[in-house]
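Q: Sequence:
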Amino acid sequence: MKYKLAFVCVHNSCRSQMAEGWAKELGSDIFEVYSAGTQEYHEVKPLAVEVMKEAGVDIGSHKPKLLSDIPYELDILITMGCNVVCPFVPNKFMQDWGLDDPSGGPIDGYRTTRDIIKQKVEELIEKVKSKEIQL
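The sequence shown begins at 1 in my numbering and counts up one residue at a time.
Hints are computed from structural coordinates only; laboratory data are not their basis. Note that the structure is predicted; figures quoted are calculated from it, not measured. Think of the CB as a built atom: it goes at the ideal place given N, C-alpha and C, for glycine as much as any other residue. There could be a bad hint or two in this list.
[Claimed, not checked] Just the calculated beta-carbon pair ranges, DEER-fashion:
#1 Met1 - Ser103: 31 to 41 Å
#2 Ser130 - His42: 35 to 45 Å
#3 Gly104 - Ser130: 36 to 46 Å
#4 Lys92 - Pro46: 28 to 38 Å
#5 Met94 - Ser130: 14 to 24 Å
#6 Lys2 - Met94: 32 to 42 Å
Given the sequences, and given the hints that come with them, work out the whole structure.
A: Right, here's the structure in full:
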């Protein structure tokens, strides 16, 4: 059985896309992975795609999605620190990662965010596998 995991932020154009990429890369054995935003946006940020590619994860084909594009009920909901109230999404476990948005800044900010997200995804995988998070 795979757990439904979604990463949500405002535009689904940077942090949540990177998190989706890492979770698919590192946790495909336990997660069915989604990401979405609360507002429409026209593209995944090119620098987000670039820094993920540097790390060996291709999110170049990803497109921003809305909450209506992902399953209504989730096992795990991770918000990225958007400073907005997300609409209610039924879930068994929710956590806010409180990440700064690197959008509009230098590429090094994207790299830092990418690496923090990778670490957080690895920790999430370990907590689910060890049953520290009860689902």
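Q: Determine for every hint whether it applies to the structure shown.
A: Now for the hints, and whether the structure bears them out:
no.: 1; hint: Met1 - Ser103: 31 to 41 Å; verdict: 35 Å, holds
no.: 2; hint: Ser130 - His42: 35 to 45 Å; verdict: 40 Å, holds
no.: 3; hint: Gly104 - Ser130: 36 to 46 Å; verdict: 38 Å, holds
no.: 4; hint: Lys92 - Pro46: 28 to 38 Å; verdict: 35 Å, holds
no.: 5; hint: Met94 - Ser130: 14 to 24 Å; verdict: 19 Å, holds
no.: 6; hint: Lys2 - Met94: 32 to 42 Å; verdict: 18 Å, violated
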